[in-house]
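Generate coordinates for the entire structure from the input sequences, incorporating the hints supplied.
In order, the protein sequences belong to chains A and B.
Counted the way this note's numbering counts, the first sequence spans residues 1 to 250.
Counted the way this note's numbering counts, the second sequence spans residues 251 to 492.
Misleading hints may appear alongside valid ones.
Ranges between beta-carbon positions, derived for each pair [stated by the list, open to error]:
id	chain 1	residue 1	chain 2	residue 2	range
1	B	Gly432	A	Val195	52 to 60 Å
2	A	Pro130	B	Arg267	37 to 45 Å
3	B	Ala336	A	Val71	17 to 25 Å
4	B	Asn377	A	Val195	46 to 54 Å
5	A	Thr157	B	Arg267	16 to 24 Å
Please keep in mind that the hints were generated in silico from the structure rather than gathered at the bench.
Ideal placement from N, C-alpha and C gives every residue a C-beta, glycine not left out.
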Amino acid sequence: MNPRITFAIAGRVLIQLRRDHRTLAMLLVLPCAILTLLWWMFDGQGGGFSDLGPPLLALIPFVVMFLVTSVTTLRERSSGTLERLLAMPTGRGDFLAGYALAFGLVAAVQSTLAVLLSFLVLDLDVTGPPWMLVVVAVADAVLGTALGLFVSAFARTEFQAVQFMPALVIPQILLCGLFLPRELMPPALELISDVLPLSYAVDAMTAVSETSGAALGGVSGEVWYDLAIVLGFAFAGLALGAVTLRRRTA
Amino acid sequence: MMKNEAVVEVQDLVVQRGLVQAIRGISFSTAPGEVTGLLGPSGCGKSTLMRAVVGVQIIRSGTVSVLGLPAGDKRLRDRVGYVTQAPSVYDDLTVAENLRFFARVLGVRGDEVRRCIDAVDLGSRENHVVSRLSGGQRSRVSLAVALLGNPDVLVLDEPTVGLDPVLRRDLWAMFHELADQGTAVLVSSHVMDEAERCDRLLLMRDGALLAAETPPALLERTDTSDVEDAFLALVETEGVAA
Numbered sequence: 001m002n003p004r005i006t007f008a009i010a011g012r013v014l015i016q017l018r019r020d021h022r023t024l025a026m027l028l029v030l031p032c033a034i035l036t037l038l039w040w041m042f043d044g045q046g047g048g049f050s051d052l053g054p055p056l057l058a059l060i061p062f063v064v065m066f067l068v069t070s071v072t073t074l075r076e077r078s079s080g081t082l083e084r085l086l087a088m089p090t091g092r093g094d095f096l097a098g099y100a101l102a103f104g105l106v107a108a109v110q111s112t113l114a115v116l117l118s119f120l121v122l123d124l125d126v127t128g129p130p131w132m133l134v135v136v137a138v139a140d141a142v143l144g145t146a147l148g149l150f151v152s153a154f155a156r157t158e159f160q161a162v163q164f165m166p167a168l169v170i171p172q173i174l175l176c177g178l179f180l181p182r183e184l185m186p187p188a189l190e191l192i193s194d195v196l197p198l199s200y201a202v203d204a205m206t207a208v209s210e211t212s213g214a215a216l217g218g219v220s221g222e223v224w225y226d227l228a229i230v231l232g233f234a235f236a237g238l239a240l241g242a243v244t245l246r247r248r249t250a
Numbered sequence: 251m252m253k254n255e256a257v258v259e260v261q262d263l264v265v266q267r268g269l270v271q272a273i274r275g276i277s278f279s280t281a282p283g284e285v286t287g288l289l290g291p292s293g294c295g296k297s298t299l300m301r302a303v304v305g306v307q308i309i310r311s312g313t314v315s316v317l318g319l320p321a322g323d324k325r326l327r328d329r330v331g332y333v334t335q336a337p338s339v340y341d342d343l344t345v346a347e348n349l350r351f352f353a354r355v356l357g358v359r360g361d362e363v364r365r366c367i368d369a370v371d372l373g374s375r376e377n378h379v380v381s382r383l384s385g386g387q388r389s390r391v392s393l394a395v396a397l398l399g400n401p402d403v404l405v406l407d408e409p410t411v412g413l414d415p416v417l418r419r420d421l422w423a424m425f426h427e428l429a430d431q432g433t434a435v436l437v438s439s440h441v442m443d444e445a446e447r448c449d450r451l452l453l454m455r456d457g458a459l460l461a462a463e464t465p466p467a468l469l470e471r472t473d474t475s476d477v478e479d480a481f482l483a484l485v486e487t488e489g490v491a492a
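This is how it looks when you write it as structure tokens:
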């Protein structure tokens, strides 16, 4: 891997995003709008927003980065720019790390805005430190980026890439514990939810909001444990993604 | 590098693409300081052959070496410039942003960007987003990227398609200029009248080479006056032989 190339790729992805005003606006404004909608829905009902807000803070960066990455990488594959980059001194690791870096950064801005809004305006009530919500959100975004990179190898068109969302993401949303605590699910589904990355992404966020502890950063050890699993999945996703980036093709 | 030492050396190359044998046993070599034209109708395997030279094509058998190294070798990645048929640049970046990005990836000096944009005559468009450019301008952006860092070998897949004749003439002049400075240039085209602009010709049909020689030698051997007729003559003799 070569840091010069990694940063070149990350910088280029960010310039592309900056040029696409509509996408950029949606990336930054939509999460806030959705959280506000959730808050409004529970207005006058008591606790609801503080229970569902944190899981949503985990879901949004994951889903958004999954979609954005799978479409952009598919574009790189079909436009020939990926082939050109790989025919140059670019390593597969540079390509993946460049994307993860760029979208991780976008996720950091996105989640900071969403967290600020939740605390300052919407009165979100959490036990752990608020900045930890941003850390977890960035990890979730990198996870989404990693999985998006991987699945883009299996799509030939952008239509197909978008269909991976209902195929791979919605089942994870159903099983992540948002609708029904995971331990109340039929045993087979609980087992499945145990091996799905989004379950840990949501668990980590919920743990920040409901627990506090003496572990590193004033959060409970549980948070760091879930976060480590999320990053493990992200790393595995990037490794699988690397396998799909072929320098030589038929 | 010694003069006349082969730059691209292809031996008994066979490429299978799905059910089709796209390249059916081809051998040839190109020299530094020469513009080699790869000519043949659409679908005859030109692009596949060029991909094999760049080292991005899975091959069935045979060998392809470039500058004495196996095609696609790590050490070749900043010495071979490659332009695919469809322009492979970022549509949503400006001309200059595209060039600056690829210059950083290649690790070449910033002033290369200026030189390469000027070389393809896009100076007046450098701050335009690529998606707003015409097809011909887009392929020139792609060509400019391949020129970054003065590669020893240039592999250009139909770089002049759809361009205005004046620009086509200028680009061919540039290919010869680059060749004179020692670059080996391999250019493909399906337009036979571009053949006369090449130092050496590779005539291709149906995955096989019909001829590999200089244009005058080809015309003399086939007793014809232009490359189009020479191509027909070669196809017909092949037909008789079969």
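Here is how each hint holds up against the structure:
Between Gly432/B and Val195/A, the C-beta spacing of about 58 Å keeps the proposed range 52 to 60 Å intact. At roughly 56 Å, the beta carbons of Pro130/A and Arg267/B sit outside the given window of 37 to 45 Å. For the pair Ala336/B and Val71/A, the beta carbons lie near 19 Å from each other, so the given range of 17 to 25 Å is met. A beta carbon spacing of about 50 Å between Asn377/B and Val195/A agrees with the range 46 to 54 Å that was offered as a hint.
Our hint of 16 to 24 Å for Thr157/A and Arg267/B holds, since their Cβ atoms are close to 21 Å apart.
In the structure shown, a violation is registered for the earlier hint numbered 2 alone.
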